[in-house]
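Assemble chain B onto chain A, guided by the hints.
Protein chains in written order, with the numbering used here: chain A, 1 to 474; chain B, 475 to 974.
No lab work stands behind these hints, which were simulated from the structure alone.
Quantities reported herein were computed from a predicted structural model and do not represent experimental measurements.
Residues from chain B that face chain A, not an exhaustive set, calculated with beta carbons under 8 Å:
id: 1; residue: D520
id: 2; residue: Q526
id: 3; residue: L534
Quick list of in silico lysine-lysine cross-link-like pairs, DSBU-like style, CA-CA up to 35 Å:
id: 4; chain 1: B; residue 1: K943; chain 2: A; residue 2: K466
id: 5; chain 1: B; residue 1: K481; chain 2: A; residue 2: K405
id: 6; chain 1: A; residue 1: K460; chain 2: B; residue 2: K920
id: 7; chain 1: B; residue 1: K901; chain 2: A; residue 2: K405
id: 8; chain 1: A; residue 1: K466; chain 2: B; residue 2: K514
id: 9; chain 1: A; residue 1: K460; chain 2: B; residue 2: K481
id: 10; chain 1: B; residue 1: K514; chain 2: A; residue 2: K405
id: 11; chain 1: A; residue 1: K405; chain 2: B; residue 2: K920
For every residue, glycine included, the Cβ atom is placed at its ideal position computed from N, Cα and C.
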Amino acid sequence: MSLTNYSTPDLDNIQVLASSLTNATDLGTPPYANITGFYANVAFSVASPGNHFAEAGGQIIYQADVDHLNVINPLPTNARITHVDMYIHVDAESNASITGNFTAGTGRVTAQSTVHILVLPSPVDMGWASVFSFINTTDSHTTGLPVGSDTQNASVSPSPTVLHATFDFTTNPGGAFPLGYMTYADFISNFAQIIFNYNSLDAQSSTARVSGSGTTGTDTGGCSLTTTLWNMDVTWEVPLTWTIDTPTITLPDNIFQISRPTAPANLQDDVENIESVIVDGHEIFPDDPWVIVWTRVKIRFHLPPDDVPPTPDTRDITVEITFGGTVPLGTISVVPANLSGIYFFDEDNHHDQLYARTTVSTTVTTQSVAIPAPMLVTSFFDNDETEVMHYTGIRMRVIGAGTLKCMLNSLDYVNTEDLADLTLQSVNNVNPFLLANFIDQAAAVRMHMDALDDHLNLSKVVIFSKSVATGYPQ
Amino acid sequence: MRDHEGKPIEVFNGYFNRGDPENTPVDHFQAANNLRHRGKSVLTRDGISISQDVIAHVPLQNIRRIYNYPTLTANTLIILAYDVATNTGKIYHVVDSTTQFGPILTIVGMTDFAFTPFGGRAYISPFASVSGIEKGLSGEFLYVYAGDGTAARKAAGLSIGAGMTVAAGAAGHTDAGLHIYGVVSETASGYLSPPGSLTTFTNLPGQSVSFGTIPTSGDPNVTKRHIVASKKITTYNGDTEGYQLFFIPNGTINDNVSVFLNNVSFYDADLLDDASYLFDNYTSIPAGAFLTEYRGRLVLGATFTDFNLVLVSAAGEPEAINQITGILATQPNGFPVSNAAEFRDILYIFRPNSITSFIDNGDEPSSWTPVNLDAALGARPHAVSQFLNSATQSVDFLIIATYQGVSLFTGTFQSPELSWKIENYWKSFDRTEFGNIQIVNNTVKKRIYIVMPDHTLLVGFYQNGLNPKDIQWEPWTFVQPVNTIAVTNIDEDIIGSDNF
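For reference, chain A alone in the conformation it holds in the complex (with noise of 0.2 Å):
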């Protein structure tokens, strides 16, 4: 019986009353779309019976696996969800609420995100047993973003063939400075962690109890992500050396990266991928057509029938799917200049001049860096009788060099929009104007520079707006 049978949820009957989410339809082959914006707690009402599963112990079997999962309740710092398995239990054409395990995982993002609606008539019925759902966790291709890293420095974007990592530290959107500036310290403490991490494996095997009226087994650890190629960027403004087996470093600006081989293009000719499985001694092809999905991170399917015990009974079944490999990144030694010494401020400077100890010697150089960030924020601009805004620009009399970054954004930064670069002139005689198209309750300009020798003399910001809306809609 062929899987795309039933990969098509029956959503006419199910009426979700409260989230957000996406649904996915026939999701064929991988790579799997993306599907973000689950919300744990859904309660689905069940329509008049003629559905698939109008009988009383029929079930629906939600399964989703996202990257990143809001839940209500707070999870500890370190976890986060990695994938749910939910069930629904109807016994009547009543409104019904999920149950289930959740699992915690560590890292912040798997390699895909998927999210599975299968409708599904009542398992006897099919012949089938329940869906058996195991979360490889042993791939040799270590985590990305190790427990303790900083993960609003660090952004992991997968893609069917390519996993970049990249850490950006001139930027911190929830540091110190917001969308500024973050202090070398923190970085060192950062980049420390994750060199630790880097060489971790896990391996993890499970045994799941199958009974003839559904039970899944589920086996979690550590995040794994697909590492066929990987690419590490990192940028720092000011010095330091790095050792690194192969070397690919590139001074000034201090950004490196790493690369492994790069992938084949299509993940399932990927040659480290598993090619079977072997459930109590049957084994499973990824073409079967009880396989769920089949990729190296994650492999899911139903038992096939004849697996399934003919009356409901217990038994334990044994799972075992084994990776191997490893793709070591190589050892990075960081060795942070000594910047510490005696200054003095320089009115006509526009950058820093520091002392640079760069390697343990008496030799001293030094290096010039850019003044950190310079920025500032203004007060919010708005308007006590009317409830919207429309902001079309700002103009200002400002002088200097380099290249000012400007920003309109709303109370608490929900919303942003980003204008245009102003090239900034030693002399000018005209007020630059930045156009914008901002619409909101509230709106102030942030201003920033990050280039060496970018400099700013502002005298005057004039930021242009009307009334557009009494009020958001009720």
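Quick look at chain B alone, frame taken from chain A:
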């Protein structure tokens, strides 16, 4: 602009952090970093440049504390560098970008030091913070540095050894009868030791006295020795220290080498300059957490064994501290004395949460009456603004960093405080870290610099007025952590940075 009204901001009054960002006045910033003010404009802050020439010598590193040190001929810097690996603090004297002396003092455990200049010399007291309490290092002392590159030495000193002999000299004049004689040594810094080598001699009528085998001092800093004597003793009880001693006119040996002084004549009526007070002086002055000068007296406080202790020297003699009468009576309140400052001829003793004042009545310090001024606000070490020559007077006020904020002090704390506009910012810091705060005032540039507990700077621009409304606050950050700041050469600002 299609009916869009332009709302201008033409005045920039700095950072505002008090309540919700929406409450930020239109002429202030709800967030700011590394800006300065000039007229009505706001600019990127001053850049920093290295202060020491990297070619002339290896620049100092791991800087913990800098003071402006006025010598007899120039404004220089006295600097503490602390090596975490060896837990050792070393003090250097930096004259200019190419000239550096030291280390002039090396002490294990010295993570900070107190300093005050006196007569061109530097008085140094090593201290550390233990469980949030700053006090002098255990087993350490007050040191004096001459400013010439030679190592600093312990202030004060022991009395000279025994061995002097007294005999009748040539024809002359003395009051016949039993007298006690002794020797007082004097160091290059003017410190007078307790009388030593005490011995008795019965003067003969019509004859002078001669002194032989006068002991020399083992202290190489001793430059002079003085002979002291009692007046005629009618009934001697055997206690050579039990009688008042005086400096003998013409009884000075201007070296630490000669071993005799012959044919000295004097009458008892000539003995006017008392030397007995020297018996009770500290021969080694314990280290404290703060130093200051008050009416020509050195003031030191918060020793290791008693953090309530405040010691005051004799006027004009910074190393002469009497162990009995040189103590100020301060009532303990559970917190250590942490700072002191002279203001309008009054000495203010600060604790983190209180202030007590004393006035020099011309008598011994132990007779000065304390007046409790404030039972809520005070100052930690380095939290009272210093200006150029390490004195504290700036026009007519002190600027003090308290737990409440940055305040003007004119005998009482002015309200509201100068940091009213950034109250949330100030109170976001952990009070236990306030020992790291240092405040200095550059009156020429009209800036207040405050080293904050997170090793950044908070700068207050008061070109428009030194009051809570017109002062413009700006946080300044650097790639490296900032530990200390000083103002030297009238208006030159120097910062010292540590390593990570």
